[in-house]
Amino acid sequence: MEATQVVIIGGGATGAGILWDLSLRGISAILLEQGDIANGATGRCHGLLHSGGRYAVKDPDTARECVAENRIIKAVAPHCVDEVGGIFVKCAQDDPAFFEQWWRAAGEVGIRSHRLSREEARELEPNLAADILGAFTCPDAHVDVFRLVLANLEAAVARGGRFLTYSEVTSILSADGRVRGVRYRNTRSGEEDEISCEVVINAAGGWAQGIAAMAGVDVPVLCDKGTLLVLNHRLNRRVINRCRKSSDADILVPAGPVCILGTSSIRVPSPEGLAASREEVDHLLRLGDELIPGLVNARILRIFCGVRPLYAPMPVEVARGREISRGFALLDHGTRDGVSGFISIVGGKLTTYRLMAAAACDCVAAKLGVDVECTTDKTPLRPAVDRTTHHRAIHVLPHPVAEMMERRLGPETDQVIQAIETRPDLAEVVCECELVTRGELEYVLGGATPAPACTIADVGRRTRLGFGPCQGTFCGYKAMLAGFQTHRWTASEAATEFSAYLHERAKGQAFIHQGKQVEQLDLNYDLYGADRMLCADSGKQDGI
Amino acid sequence: MRLDDLAIDNCLKCSLCNTVCPVLAADPRYPGPKRLGPELERLRREGISTDTEWVEYCLGCHRCDLVCPNQVNVSEMIARAKAAHRKPLVRGLRDWWFARPGLLGKLTTILPALSNFALSMKPARSLMSKLMQIAPQRKFPKYARPDLRSPAMTGNARQRVVFFPGCFIRYNRPGLGRTVIDLLERNGLSVEVASTECCGVPALANGDAAAARSVARANVKALARQVDSGLRIVTACSSCGHMLKTGFGGILEGDKKFACAAQKIASNTFDLAELLMAQADAGKLNTNFQHTALRLAYHAPCHQKSQGIGRPWYHLLRMIPGVTVEDMDAGCCGMSGTYGFKQEKYPVSMEIGKELFASIDAARPQMVATECATCQMQIEHGTSFKAIHPAEILLQAYDGLAPTKGRKDCSIDECECGPCRQKPEGADH
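Protein chains in written order, with the working numbering: chain A, 74 to 617; chain B, -14 to 414.
Everything labelled a hint here was simulated from the structure, so no lab data went into it. It is possible that part of the hints are untrue.
Unchecked claim - Here are the simulated SDA-like cross-link-like pairs (lysine to any residue), alpha carbons at most 20 Å apart as the crow flies:
(1) B:269 - B:174
(2) A:147 - B:102
(3) B:269 - B:381
(4) B:-2 - A:599
(5) B:241 - A:97
(6) B:-2 - A:97
(7) A:451 - A:97
(8) A:318 - A:206
(9) A:451 - A:435
(10) B:-2 - A:435
(11) B:-2 - A:592
(12) B:127 - B:102
(13) B:72 - A:468
Stated by the list, open to error - Estimated spans, in silico, between C-beta atoms of each pair:
(14) B:81 - A:569: 57 to 63 Å
(15) B:252 - A:472: 38 to 44 Å
(16) A:456 - B:336: 54 to 60 Å
(17) A:488 - B:32: 25 to 31 Å
(18) A:256 - B:36: 53 to 59 Å
(19) B:36 - A:488: 24 to 30 Å
(20) B:134 - A:468: 42 to 48 Å
(21) B:171 - A:192: 56 to 62 Å
(22) A:460 - B:248: 38 to 44 Å
(23) A:359 - B:217: 43 to 49 Å
(24) B:206 - A:359: 38 to 44 Å
(25) A:464 - B:217: 35 to 41 Å
Owing to the predicted nature of the structure, the values given are computational and were not obtained by experimental measurement. We treat Cβ as the ideally placed atom computed from N, Cα and C, and that holds for glycine.
Build out the structure end to end from the sequences listed, making use of the hints.
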């Protein structure tokens, strides 16, 4: 049985942020994640680094938190953030009173904003509808959630932190009203083990209620489902928000080469087994088309659903998902429920993950008697890529390939470039949509990285492999071969991995009812014969 | 949103475009149309610097567009990337000239004899190679006095067409222009020569979008009135035809008035052979061909294929009694206008042409017929056979004259092309 000071449950942004914060304070910690990194809400959101504008009117406190965190994340993790900027578009269909309300509120919470006329707005975003009334700017940005979580984990590992993926907590061990450790099971091998610790942090997001129940306490978490559509290419340069009370399909975020439209808001009982209905997708598309005419004809690559794990301590039968505060709550179960050494951090937003981590860590540090301040707001997550590595990279790789690799891997680029220099075949571009080289693929599959990939989908979260139009049809196959060739998997393991991967990829496309992605899926089916049944099961009667 | 902005979404990554790309077949280092087109286009829209010299190596043959089962405008995406590509100074200068064959034609035809003499001299050519990076192996087409005029109206009211000559016919081979006019007149059509500029293909191919747009606008202005009055436009150059038929390759998009007129021009433009075949289908083709014993090899230029009109010349030539035609069907010749003249692209250009050269050598025709001027240059450069425009063969067949037989008439001293190098000392061409 291992021993550590703190066990963190949940490998999303909050959990990873806590691991990094604790590592900076010199507190030893192990993070347990039931799946791969960013498996829950973190990996299933817009990837919008809020400027605060979305909450300025309704929830000024959250908005102020967003304003501050927006600046901090941009400063400490520039490699995870694409500073695209954002606009709030005034549509003719919407309530004009809200526009002025927004403008006043934005000024009050400290959002830097300018007014744009219709012409100015359409010059910035030529695809916007011609009948908009104008827009306000705001410092929204896109944050690559997978890279953000990885950056936190890797930075923590460099300072002694540890994390285990595919490790599901099965019970929380306690004695004398005090948490003593956790028992967990490796979901891939089935092996079980225990870790003893002084403090357990529950950062399990949508699963937090279940984890809390293991310690015999109740943490009311509401799961509010949001469905998002990934469109094949960027239709916008900036984040486009619709300036109105939060509603469906009012945010379009340019995320890497794609853009993401969302979201809906539907109460669901559990964070698992989510599905998007055809009506929901059509509804989102129709609303998106009001902002960007023609969007309804754009190719949808993938549809995914995530949950907002909202903390709802009051009677919530009447409250709708969007009306519950996006603020977070730190629950010290020692004072609240008499279970000492157990805390839960719930609610909140991706944008405020660092603040949540800081609050949780302050509480833990006080419990452990560690008197070190939080420094995550000042410490860069990752050093920059040095010039020589950059020059070596563009010497062996085409410019865009090198640029994408540097953005993904940062200083680790050096190791991949070294490998490519000795083995030029590693320069082959395996994922053509996202320009992932064989070198990078073998690197994340190998043991040299602090966060090795276990499955092909894991490779995707680390490199964006399979995130493009073919959705892994061609590159997933090559990843399977690479796993076999590097002796990561035996032949049968590799085949199983690939089949699971196809299944996972097909799941995200199963709700797409029309357009080119259906043909892509057909091509996939023609090649591998996989998952047609799955598509039929998910209500896709026509088109395939 | 421009409608074809969404064409990028059509790509299913099937790689069919890569399988037909002549450049990719000739040089495996070339990233291929799929990468340079739809794949990098997504990243371009993200704002990643995807600039690569390889975009310069796209021939603009449009084979990728033709083969794409999903209507992705691959070559248009590459052309846009080409226009955004920054070239080194010397190449930029060279390509500035190459993009403006009209201007080049106007200047050189002030004193055609002098220009031809200068361009044919070996020192001049090696100087051009050094200063302008123009392949010294290539010889320039001869320039002639640009004296192509509309013929006088004949008395009887016949159907009238507008002939779009293009730079090559206007400045290098006005004789071919007169052949075309004669051919049309013998088929009951009266001809008016359009006072137009370069079609814009060279400008697009050399990544000069501004020049392409300006000539496209001038052409639209010059042709719109005639099209509106119901006249059809005839081209004898496959590249000019391709450009006119595609509404000037989309370069006028975003300029509603011109784009609309360009579309109208596009639907009223016909290749010479296409028009003659239409006459034949209507039973109006003058088929008084004399018996002409001639064995021909026919090469269909890429820009003829991209027009989607079948192989009208092949069928027309076969109507001449005594003529046997073999369609080479051996892919792209590799010349692609000014592409083959560029020193750095010369090896690729010749590598691409290999298959065609081998097919022609195996067929051992008396001459090669192909309607593209630069295909003719490439065929004469890569093989020992003369290549001419099929219109000339057709016209002469009316008079029972077989075109000059045999090998090409090379008139450049110390020419380095294949047959000239092989010819015995003192022998005539």
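*Contradicted hints - numbers only*: The structure conflicts with hints 2, 5, 6, 10, 16, 20, 22 and 25, although it agrees with all the remaining ones.
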